[in-house]
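Asks: Heads up: the protein sequence lines correspond to chains A and B, in order. Taking UniProt numbering, the leading residue of the first sequence gets 1, the next gets one more, and so forth. Taking UniProt numbering, the leading residue of the second sequence gets 1, the next gets one more, and so forth.
In short, the hints are calculated from the structure, not lab data. Positions of the beta carbon are idealized from the N, C-alpha and C atoms, including for glycine. It is possible that some hints are incorrect.
As the list claims (entries may be wrong) - Chain B is nowhere near these chain A residues, computed Cβ spacing over 12 Å in every case:
1) GLY63
2) THR137
3) LEU176
4) HIS181
5) GLY182
6) PRO202
Claimed, not checked - Taking CB as the label site, the calculated pair distances span:
7) B:ARG289 to A:ALA223: 48 to 56 Å
8) A:ALA101 to B:PRO294: 40 to 48 Å
9) B:GLY130 to A:HIS18: 52 to 60 Å
10) B:LEU71 to A:GLY129: 49 to 57 Å
11) A:ALA80 to B:SER126: 44 to 52 Å
12) A:HIS18 to B:LEU291: 46 to 54 Å
13) A:HIS18 to B:PRO282: 41 to 49 Å
14) A:GLU62 to B:GLU133: 56 to 64 Å
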Amino acid sequence: MSGVDAAGITLTDLTLTHGRRPAVHHISGRFAPGSLTAIVGPNGAGKSTLLRAIAGLHPAREGGLRAPRHAIALLPQAAALDRAFPISCLDVVMFGHWSRAGAFRALRPAEKRAAREALSAVGLEGFEGRPVGSLSTGQFQRVLFARLLVQDAPVILLDEPFNAVDSRTAADLLALVHRWHGEGRTILAVLHDLELVRQQFPRTLLLAREPIAWGPTAEVLTAANRLKARMMSEGWDADAEACGLPPDARSAA
Amino acid sequence: MSGLSLYGLPLYDLLWAPFAEFGFLRRALVGCLALSLAAPPLGVFLVLRRMSLTADVLAHGILPGIAAGFLVAGLSVTAMSVGGLVAGLVVAVGAGAISRATGGREDAALAALYLLALALGVTLISTRAGSVELSHLLFGSVLGVDDPALFMMAGISSLTLLALAFAWRPLVLECFDPGFAAAARARGGLWHLLFLVLVVLNVLAAFQALGTLMAVGLMMLPAVASRHWGRSVGGMAYAAVGIALAASLSGLLLSYHLDLPTGPSIVLVAGGVWVLSALAGPVDGILPRLLRRPHLTG
Chain A
1 MSGVDAAGIT LTDLTLTHGR RPAVHHISGR FAPGSLTAIV GPNGAGKSTL LRAIAGLHPA
61 REGGLRAPRH AIALLPQAAA LDRAFPISCL DVVMFGHWSR AGAFRALRPA EKRAAREALS
121 AVGLEGFEGR PVGSLSTGQF QRVLFARLLV QDAPVILLDE PFNAVDSRTA ADLLALVHRW
181 HGEGRTILAV LHDLELVRQQ FPRTLLLARE PIAWGPTAEV LTAANRLKAR MMSEGWDADA
241 EACGLPPDAR SAA
Chain B
1 MSGLSLYGLP LYDLLWAPFA EFGFLRRALV GCLALSLAAP PLGVFLVLRR MSLTADVLAH
61 GILPGIAAGF LVAGLSVTAM SVGGLVAGLV VAVGAGAISR ATGGREDAAL AALYLLALAL
121 GVTLISTRAG SVELSHLLFG SVLGVDDPAL FMMAGISSLT LLALAFAWRP LVLECFDPGF
181 AAAARARGGL WHLLFLVLVV LNVLAAFQAL GTLMAVGLMM LPAVASRHWG RSVGGMAYAA
241 VGIALAASLS GLLLSYHLDL PTGPSIVLVA GGVWVLSALA GPVDGILPRL LRRPHLTG
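Construct the complete structure from the given sequences, taking the supplied hints into account.
Replies: Below you can see the structure in the form of C-alpha cells.
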C-alpha cells in the first residue's frame, strides 16, 4: 500500500447537480488521511452523488474537489449489478487487480493467489468457481468486499455496504472495515443505521444536500441536527431560483 | 466411398459431394465458416449487455450506406462495404450520442434511426436497381460469394478474433460492471466503441452472404442458444461458435439437397438449434427442469 499520506480528500465550496438541481450544495471540508467517516442523511440527500464525485464518476458543477483518483476504490450499491451475469466469484475478485494489471497483462501466480486469499478472508473459501448468480445477497456483498481487498487502495468509498445483508455478514464486513482503518486507509461509508454509526464510526458527516454537521460522531448526531436534516431534505421548491445571485438581483430576475 | 449410408444414400453424396463438385458451394462454405468463428462471440456480448436487438438494428442501419455504394459503383463489394461501414457506425454511435444529448432512452433513438435508415436505403436502391438487385441486397446470395467478398469475410473474421483475444478482459468487465470499469478508469467507452465497430464489421461481412435481413442470424441465434450450454462468458462463446459452425454446414447442405434459399436455410437451422437448446440444454433448459431429481442435502 502506498500514498497513505496523500490520501486526504478536500472539498472546497463544492456543488454537484443533477441537471440544474443541486444534489450536494456548497460543501467545504476535508476527510483527513486515515480517517473513518460515516456519511448519513435522508434519502436524496446527495450521499451517493458525493461518493461518485470523489471517485471521479460525477463532475463537479462548481467549486473544487481534490482527491487522489488513482488511489480510490469504490463499492457501489450492490443492486446496480447484473447478478445473472455468467461469471465466477474468483473472476470478479480478480478484476480487483485492474489498476496494476490493466487490460492486457496476464495475472501473475501471486496475484491469483491474492484473489483466492481474499475470498477466504471474507469467509468464502471454496467459492472460487461458483457463478455469482448462485450466491445470496450477503455472499455477493462478501465477494465485492474481497475485490476491495484485492484492490488494496489507500482510499475506500462504501455506498450502503450493509444494506440487505444479515447481521452476521454485516459484522464480518464491519470487521474488515476496522482492519482497513487500522492499516491507515481513508474510509468513507454511506450508512443508514445510526446506532451502528454511533458505536463504530469516529467521525460523521450529516448531509441533506447541504452539510448539516461534520465532525466527531457524538457532536454530529444530535436530535437538533437530525431534525434540521429532515426539514431540508423534505423541501422541494418547484420555483427554485438560480443560486449565487444576491437576493435583490433574484427578485429582479 | 461405400459403406456408410443414410436412407440408401451414401454419406459421401449427402455430405461431401456437393462441395467437391461445385466451387461456388465451397466458397460459400468457407465464407460461412469464417463468419461462424467471429460473429457468435460478439452475439454473446450483445446478449449479456441486453443489446440483443442492436445487431438487427445495425443490419438495417447499414442499408443506406450499401445503397449509396451500389449507386456509385454497382454491386461492388468494396464500395458497398465502405458505405455500409459508415452508415452502420453513424447509427451505432449516433444513437448513443443523441440519447446522451437529449436525455432520451438509447433504444428509442436506435429505433428511430434504423427505421429512417431502412426507408432511406430502400428508396435509394429503388431509384436505380431492379427487383433482382433489391432482393440480392435484402436477402443476400450465399452462392454469389465472389473472391473479394470471401477475402473480406475472412479478413474481418480474423481481425475480430484477434481483437476479442486482445480485449477480452476489458470487454467482460465493461459488460459485467461498467461502474467499476469507470471507477478504475478502464476507458469503458473506448472498448464499447471498439466492440460496436466489430459488430458493424461482422454484420457487413454477413450481409455479403445472407443479405441485410438475415445477416444477424448467425450472430444472434447461436449466441442466444449458447446460454443453455455455458456457465461462463468463454464457455458461451465456444458453444455459440460450435452451433454456428454446425448451422452453416448443415444449412448449406439442406439448401442444396432440398433446393431451398441458402441464407434462410442456415438461419432456420440455427433457429432449430436454439429451440432444441431451450428445451434440452443443461443450463436452464425446460426439460432438465422438469426432470425432478432429488434435492441436495446442502
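Asks: If a hint holds in the structure, say so; if it doesn't, say that too.
Replies: Going down the list of hints, with the structure as the test:
1. GLY63: Given a closest Cβ separation of 21 Å, the condition holds.
2. THR137: holds (16 Å)
3. LEU176: holds (18 Å)
4. HIS181: Consistent with the label, HIS181 of chain A stays out of reach of chain B, its closest Cβ about 21 Å off (over 12 Å).
5. GLY182: holds (24 Å)
6. PRO202: holds (26 Å)
7. B:ARG289 to A:ALA223: 48 to 56 Å: holds (55 Å)
8. A:ALA101 to B:PRO294: 40 to 48 Å: holds (43 Å)
9. B:GLY130 to A:HIS18: 52 to 60 Å: Holds, at about 55 Å.
10. B:LEU71 to A:GLY129: 49 to 57 Å: The hinted range 49 to 57 Å holds for LEU71 of chain B and GLY129 of chain A, with Cβ atoms some 55 Å apart.
11. A:ALA80 to B:SER126: 44 to 52 Å: holds (47 Å)
12. A:HIS18 to B:LEU291: 46 to 54 Å: Holds, since HIS18 of chain A and LEU291 of chain B (Cβ atoms, about 50 Å apart) stay within the stated range.
13. A:HIS18 to B:PRO282: 41 to 49 Å: Between HIS18 of chain A and PRO282 of chain B, where Cβ atoms are some 45 Å apart, the hint holds.
14. A:GLU62 to B:GLU133: 56 to 64 Å: holds (59 Å)
Hint check: no violations occur; every hint is consistent with the structure.
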